[in-house]
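Chemist: Next come the chains, spelled out residue by residue.
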Amino acid sequence: MAAEDLPSEFDVIILGTGLCESVVAAACSRVGQRVLHLDRQSYYASNWASFTFNGLLTWIQEQQAESQPDEVQDWSGQVEEGEDLIYLSQSDSSSISNLQVFCYTSEEDEEDDTPNTTEEEKGGGASEATEAADSNKEDEEETEKQEAEEQVAQDEGAEPEADQPCPSADPNQSEPVKKKKISLAQLVKEGRRFNIDLVSKLMYSRGSLVDLLIKSNVSRYAEFKNVSRILTYRQGKVEQVPCSRADVFASRQLSVIEKRKLMRFLTSCVEETEDQQAYNGRPYLEFLSDQQLGENLQHFLLYSIAMATEDTPTEVGLASTRHFLRCLGRYGNTPFLFPVYGLGEIPQCFCRMCAVFGGIYCLRHSVRCLLVDKDTNRCKAVIDSRGQRISCNHFVVEEGYVDAERKQTATPTRCVSRAVLITDGSVLPSDSDQQVSMVTIPPVEAELPSVRMVELCSSTMTCMPGTYLVHLTCQSVGSAYEDLSPLVTRMFHTTESSDQEERPSVLWCLYFNMVDGSGLEVEGHDLPSNMYLCSGPDGALGHDHTIKQAELIFQKILPEEDFCPPAPNPEDIIYDGENGNGNSAEGEELKDDELKDDEEPKEQEEELTEQEKEIKEQEEEIKEQEEEKEEEQGLESEKGQGLETEE
Amino acid sequence: MAIRELKVCLLGDTGVGKSSIVCRFVQDHFDHNISPTIGASFLTKTVPCGNELHKFLIWDTAGQERFHSLAPMYYRGSAAAVIVYDITKLDSFQTLKKWVKELKEHGPEDIVVAIAGNKNDLGDIREVPMKEAKEFAESIAAIFIETSARNAVNVEELFQKISKQIPPLENPEVDSNKSFKLTQQPPPSARRCC
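Residue numbers (the numbering used here), protein chains in the order written: chain V, 1 to 647; chain A, 1001 to 1194.
Simulated from the structure, these hints should not be mistaken for laboratory data. You may find that some hints are simply not true.
[Stated by the list, open to error] Calculated lysine-lysine pairs in the PhoX-like style (CA-CA distance at most 25 Å, straight line): (1) V:K215 x V:K548; (2) V:K215 x A:K1178; (3) A:K1181 x V:K215; (4) A:K1045 x A:K1181; (5) A:K1007 x A:K1104; (6) A:K1131 x A:K1098; (7) V:K215 x A:K1007; (8) A:K1181 x V:K548.
Okay, chain A solo, but in the shape it has when bound:
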């Protein structure tokens, strides 16, 4: 089966549970006092989708969203973006629109957008009605789901939904000068010259 690497970037205010969602998805683990995203440039998890394997490279904001200083490079080449808000904090839902706008400005054009209302285990102190959020998501053609990273509710489903929306692989590019990553060892066939 072919493996496709898909970059997914997380957006949303500080403290809405972006890291917890990734941590639940990747490690199936929830830490109450998760220190804000240390040492992880991105986390990966591979899931089957049709006759492909989707290897998600999930990028966290690394706290750069805190003072609204996310770098444009954060969005580069993302196949999908998950915008997270906290259902118990109306503020975090209101800023969602700002994140959508920022994504439109800096993100790739064909990006799959998902909106995740996190902390759905705290329904009794809910401030954001599900209906309102769902309607907003529909208005921008985004995936919508309420999640609970703490109780492992809908986290897998979120990424499954994203997987399904990823368009099939386009024709391989004819461009011979493809871009590549720099790694410890030079590509094996990059042999001598001159």
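Chain V on its own, in the form it takes in the complex:
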């Protein structure tokens, strides 16, 4: 823990611990590069981070605080003959904007029987953050309290099951089931049970991130859950989208004819036909409506399965439909996975892999400037935040550390609008209160964007029992509040909601805009030739952009090397006692592993052909759909058990 000096020579220095930087770090370290990985923040994952509730409140304060003017220090003493100095940007608040916080629950719990425990954590600034957000809060609070009580009374009368308003499921929880709305003080007290991601994405079960996690064995550092259902919002109601075969058969919303049509359509989608090609360049919606599927199915197929908009071209719509279908059934009933403890775990997992292979980690530590060779335009060394000169062969940096003037961004900066809600109930209560739901929401008003909602339950370890964590994401049209609050008001109960329908209440929410990282190229900037920019999170649902970028950077640094070969299994590591030389033992291990690596592609091929077979089987089975209905439901429960199998 002592303030030790860093070594002064590395192969690769990486600044920023977002997903892209972390994957590059792991990949470089894995093949023997000496990696130094720094982040100026005290937490991992940059804009990909997840925070406890209290951590998030601190983050909000930091964002709202005015950024300190750069203290320009003179490093010319460190410059050697023939070197130029490039300063890096010392503040990174520019990627987050329009931050607004609303608290719709009472600040203190009047009947809190253990008030002492909150004190220490409350220092984190909960009250300040919420005060800053809303000046009318006190008035609102009063009405809110009354409303809350009314709401509870209503719930008790109308819904005797009692599992919707207060779904405290975990039997280990010592906390008594309370009918009262959870107060802000309680959220703060239970703050560490929250892991609130700044970015909301899901992992496609056959997407490039899942493939990379498995290929590299980084997957062993984390656990995952299936997104258990796909929902959509239509005509003011939340509905489940039947997407797996089992869902289609079990669906009560669909008529037999619709079921048949849907199955036929999904099956026909899998291969590209001339009929489809004729629609290239024309809207997918047009293609769908020509299939005469009816309004129900058209909505599901356009918004929920293709996750498209009304303008999406047919070829794009079909491609994402195919991707969706390919990802079904690998792990569960939907194409998506979510990491337990939140997405912020994933960069940390890659960082650990880097560290395990010798990478050096240092948070709260940055690079002030680069020393660039005038002749070669290569970055020879950096000067860190303590004034130490550290040499390197390659420098990888998150774009937020680089001044805007040096970056070439092709398009005007696009943003993503985000909202994070802590609610007290699911948007679609069901038998289980532990659902992980992906909700696709078409524009609720003209001029508003379509929105993607992910609702997480407490067993994902991202929120406290009795609450749900809801992430809303869309491409920005206006500010996050302008883009998303109309939807929040419609789907949830807030003080701004007009009516008293039975909807989950929002306890607390946060709006902000984040710069969409998809517009940035790795190279082509006014920067040294051996320096590579990593973009921050993009607005897409999956991670393909980031993983592709990381692989590209790795290939530029080490064109001859394998990208993230599997790390050895713990069981295979042998400390060779007789040679007494750890290094030689390790060398052998790696060779063993390369052999294993050779075998893997075959397995994957088999998987593919199996999948093709399955598709053919499906065609036959459509004809037998009615008989299969019961059997399918059985299969579904079987699947649930299979997922427990490890290794």
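On the provided structure of chain V, position chain A as indicated by the hints.
Modeler: Only chain A this time, still in chain V's reference frame:
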């Protein structure tokens, strides 16, 4: 016999012998110039405990503690934590409290904590009195033991003590959407859909 996998994370300053303790426990081997933890994401060893088998998955810090940059994911789901200090270095004992605090902040609530005073073979240059360490451990309800990874003293015992403190398995969860690990091959019964 049922096998239970138990994640154990090691904490403590650089150089106190965290890796040596694992290496002694898992491989019964001591290397004088063990290079700081290369290539091992975690090591495993299975020991019987009552009518269960405890498979320890022992996670090492991978050097991320050196500049105080351990990631929260390191603590996730740990059943136990071993905080190691060096009995010949007072500093390493003084930072113990910081590790305890960090564990309280990031670790699971019901985690079993053990404090291991390592290098007890170097008693003649001892800087940390055993009594003081023991009292501190008691004050935080932690297991306390002095070990020597070099001479294979008390390493097995350390893990036996941890084993004994692990609470019996709770009722299996009813949650049908259980979390799982991603592996090379998809789970066998995850059959086709759609």
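Chemist: All the hints need checking, so say for each whether the structure fits it.
Modeler: Here's how the hints hold up against the structure:
1. V:K215 x V:K548: Satisfied, since the Cα-Cα distance of roughly 15 Å is no more than 25 Å.
2. V:K215 x A:K1178: 23 Å, holds
3. A:K1181 x V:K215: 13 Å, holds
4. A:K1045 x A:K1181: 20 Å, holds
5. A:K1007 x A:K1104: Given pair K1007 of chain A, K1104 of chain A holds - Cα atoms ~17 Å apart, limit 25 Å.
6. A:K1131 x A:K1098: 20 Å, holds
7. V:K215 x A:K1007: 23 Å, holds
8. A:K1181 x V:K548: OK: K1181 of chain A and K548 of chain V at ~23 Å, within 25 Å.
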